[in-house]
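Novice: Throw the hints in and build the complete structure from the sequences for me.
2 protein chains.
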Amino acid sequence: MKTLIIGGGAAGASCAARLRRNDEKAEITVLEQSDEISIANCGLPYYIGNVINSEETMHVSDVNKFRNWFNINVLLNTKAVSIDRNNRTVKTADNQEFSYDRLVIATGATPFVPPFEGLNKDKTFTLRTLSDANSIKNYIKEHEVSKAVVVGAGFIGVEMAENLCEPGIRTTIVELSSHIMPNVDIEVATVAQNKLKEKGIEIILNDGVKAFSDDKVILTSGNTVDFDIVIMSIGVMPQIELAKEAGLEVSRGIVVDSTLKTSDEYIYAAGDNVEITDFTTGSKALIPLAGPANRQGRIIADNICGKTETYKNTQGSSVVKIFELTLAAVGANEDRLKKLNIPYLKTFIYSNSHAGYYPGAKQILYKMLFTKEGRILGLQAIGEEGVEKRVDVVATVMRLNGSVHDLLDAELCYAPPFNSAKDAVNILGMNALNIIDGKVRMAFPEDLKDSYLIDVRPKAVFMNETIDGAVNIPITEIRNRLDEIPRDRKVVMFCNTGYTSYVASRIVNQNGFENVYSFGGGIVFFKSQQNFLNSNNS
Amino acid sequence: MKTLIIGGGAAGASCAARLRRNDEKAEITVLEQSDEISIANCGLPYYIGNVINSEETMHVSDVNKFRNWFNINVLLNTKAVSIDRNNRTVKTADNQEFSYDRLVIATGATPFVPPFEGLNKDKTFTLRTLSDANSIKNYIKEHEVSKAVVVGAGFIGVEMAENLCEPGIRTTIVELSSHIMPNVDIEVATVAQNKLKEKGIEIILNDGVKAFSDDKVILTSGNTVDFDIVIMSIGVMPQIELAKEAGLEVSRGIVVDSTLKTSDEYIYAAGDNVEITDFTTGSKALIPLAGPANRQGRIIADNICGKTETYKNTQGSSVVKIFELTLAAVGANEDRLKKLNIPYLKTFIYSNSHAGYYPGAKQILYKMLFTKEGRILGLQAIGEEGVEKRVDVVATVMRLNGSVHDLLDAELCYAPPFNSAKDAVNILGMNALNIIDGKVRMAFPEDLKDSYLIDVRPKAVFMNETIDGAVNIPITEIRNRLDEIPRDRKVVMFCNTGYTSYVASRIVNQNGFENVYSFGGGIVFFKSQQNFLNSNNS
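If you read the sequences in order, they're chains R and D.
Positions in the first sequence are counted from 1; adding 231 to them yields our numbering.
Positions in the second sequence are counted from 1; adding 231 to them yields our numbering.
Errors might be hidden in some of the hints.
[As the list claims (entries may be wrong)] Pair ranges (Cβ atoms, derived): (1) D:E258 <-> R:E708: 20 to 26 Å; (2) R:E677 <-> D:G478: 55 to 61 Å; (3) D:R712 <-> R:P345: 53 to 59 Å.
Since the hints were made in silico from the structure, they are not lab data.
We treat Cβ as the ideally placed atom computed from N, Cα and C, and that holds for glycine.
Specialist: See the structure below:
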């Protein structure tokens, strides 16, 4: 069996290596248009920021290993330009022709740069390959770079902002939407934004690039931002031209079935160039992530060797470091659910990274989305420690079609330095079931403005700081002060992070008040949202 | 509804609080024999070691909160001494009588101390309650304590050893079995033992206490160990006398059905006094853990209020900090599977805590047990960072009846500071499936002695250090040196941690060698096992 693989990134390289392990006699050829295969793309921002010092470590694997360990024919600087499906051959830019029994298209994606007026290519960079990273490093080394603009605030944009800011470059993020990190919602993104601003990074939201002058970005709003260097990180485009020209079925990405076969029975595709099905919503999507690309490459190798492995769709599990913070997410966010008209319930909780009485515990903010039947639609979390751990567990429950009840039943490793006997995962399950069962009515930031606010914390705490307009009825007095609670309007109770107000709302609800809500996340959450607004106004 | 709860620990307290949240009108009484409720038992070793400084923080909740928030009648220093099931009343030591509609027995467990000859109670302590902890703290403060003996090396024993050693007390652990931490197997325990010894803690294995003299422990071997203080942490006994005397069905613990009801329809039991079903093996077991106790308390509260919640058995998910190390485990270990005659396959892998090219990555050792059908039976892991995270994910897969294939398909949050694109969880799944599919034959430490050993690493690395008796055939040369590999005996290939030898064994297996095995964990694993043996002999 002769297999030809176009592209030596995560999908192509893992497919090639697995093919060899499956079949010592297979003929395997990899065509790679750049001069490197299997590099650590996800580490590039840290390589630029000198967190990772050596270029050598950026090679996950190298050509020699593929040749000598795996006996794979790797051709670098070899760009495939056309596929002849009838004769099962591929032509390259340098006029070589390769025949195949099975073809794997793993061409990945490339950064998207709109044709902006005045764009100076010498000062404008994208980041996808090691040579991109070296270009940025060299430019910074060879020029006086004190001001950077990062356009687009997804994973790469945010990681680049951190890695430009840390060595002392004044950095501005420009983002078209209302918040950074479009995979999460505004409340969670706001916490990340506060951190970036605290570190001195300027964030311009709801504004886009209109044009460039030599050392200024001109924004749609008319404002300008000075720069010495620009990083364009708006997004990536799947590389589908080759497939399209060969007449394969394509949509936004190459169309594949569950075995990752294209519309041609001899051709597979994997990685960032493939349109996948979003596990949570069932909709078609482009979700360019390294884990899924690796998994897909392996599945294709097994299928070429006679198995029938299926790809079980992409959940979009992701994590990003934002200075001391970790932001992790899985599944759909509220924005996306709204867009798809999928009904949902939501909740916010704060929970300690580990037992509160053990030193170093830090609060983590969670936003969970779920259906009234208990299906989990998405989780977003931000905090300092143990953030992605909880998202991983919830992603696993989702993957196995578990429900919020399974979060409650999750039995996680417990000791005080690591978590609490009731882990955040359990609390998310309890909270969701209480909401579904009608045991608690949750209020959200958008509800505070027009509601009657009751701070249920002790008086001394209330006197020190509360939400404007709130009255104080400590939980310990609430059973005797029910007559002070209005019945004719929405009442929102709050405390520090949401547990006391939940208990208080139970007392009041059971005493016949239908209109009393608990503000999940409490005053800590409220303040995390306020800070950013305040600093924006100042 | 009048509910009486005997015991104000994790199970009793969580039951009481949930009852109130369920039903504002319920009558709820808690009888607690000590002078404290709902304390942070799991933090006690750290409180003794002054990692946790304040006694106040050790109260997860307090009596006032139970009374004032939850309107619960809590009686401290009130010991229940008998249950009259016909009249549904409970008598206390001080001759009070309490009637109930529903009774919850949450009496927990107490430390087991055999009646050793010569045991000096003034110098011998157990650790279960806050007052136990204060006794130990006071004894250390008021006496010259420079030598401690910890008898029994489970969770409490190991945590106590660390917390005695850190402030400078010379500490010796005495353990009857062949290794510490009986919930894991010897290979994983050995890594923990190395760490304890590195920190100066002496470990005596395969030896027990025979008797005490005033300042010496006399061991079964005849050896003696000097002490100023002894911590007895052999294990705990469920408190079942009350239930037994009332004629309730008891085994090693109180017998309950899946709704946590005892043999009396008006009486429930929860926590460390209950015999549960081991989720993994289906056998009956005592697994005293805080998480399950909390969960059980909540289930009982819901069932008393008319729901039919079931307890879905205990997996034994656990974690312990051992200085810089984290040791975590779930499910059954090899010792237990052997005892229960459950057939199993096993594997060891090493995997980085996060991407190897990102600073600070540390190797984690995993031991996984599974059936040839792919059911996961248990996972043990030890390392510095991200250890319990992977065990939590695997525990969740087990809980939802997933298989090793689901480990492979797990889509976990990935970025270089947090893990690798192929996470350890994925690699465990790949490895297990390769074993099941016959694609790799694994060798274990016990196989090394009588096998022909081939080091497949580069020659320079081999020359520097290898396993005694090994020959060197680098993977890059193996296809040309097949004739050097014997066919008439077991051949074990090894490398640093197991991946290269796996690839090498695939090459050789496919060239017709049936007798070639890969040593999972490689030389790093081998050395981790040797160190302890060497230091024991020295």
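Novice: Could you tell me whether the CB distance from R712 of chain D to P345 of chain R stays inside 53 to 59 Å?
Specialist: holds, 56 Å
Novice: Okay, E258 of chain D versus E708 of chain R on CB: inside 20 to 26 Å?
Specialist: holds, 21 Å
Novice: So does E677 of chain R sit 55 to 61 Å from G478 of chain D, Cβ to Cβ?
Specialist: With a Cβ separation near 58 Å, E677 of chain R and G478 of chain D satisfy 55 to 61 Å, so the hint holds.
Going through the hint list in order, the structure satisfies each hint without exception.
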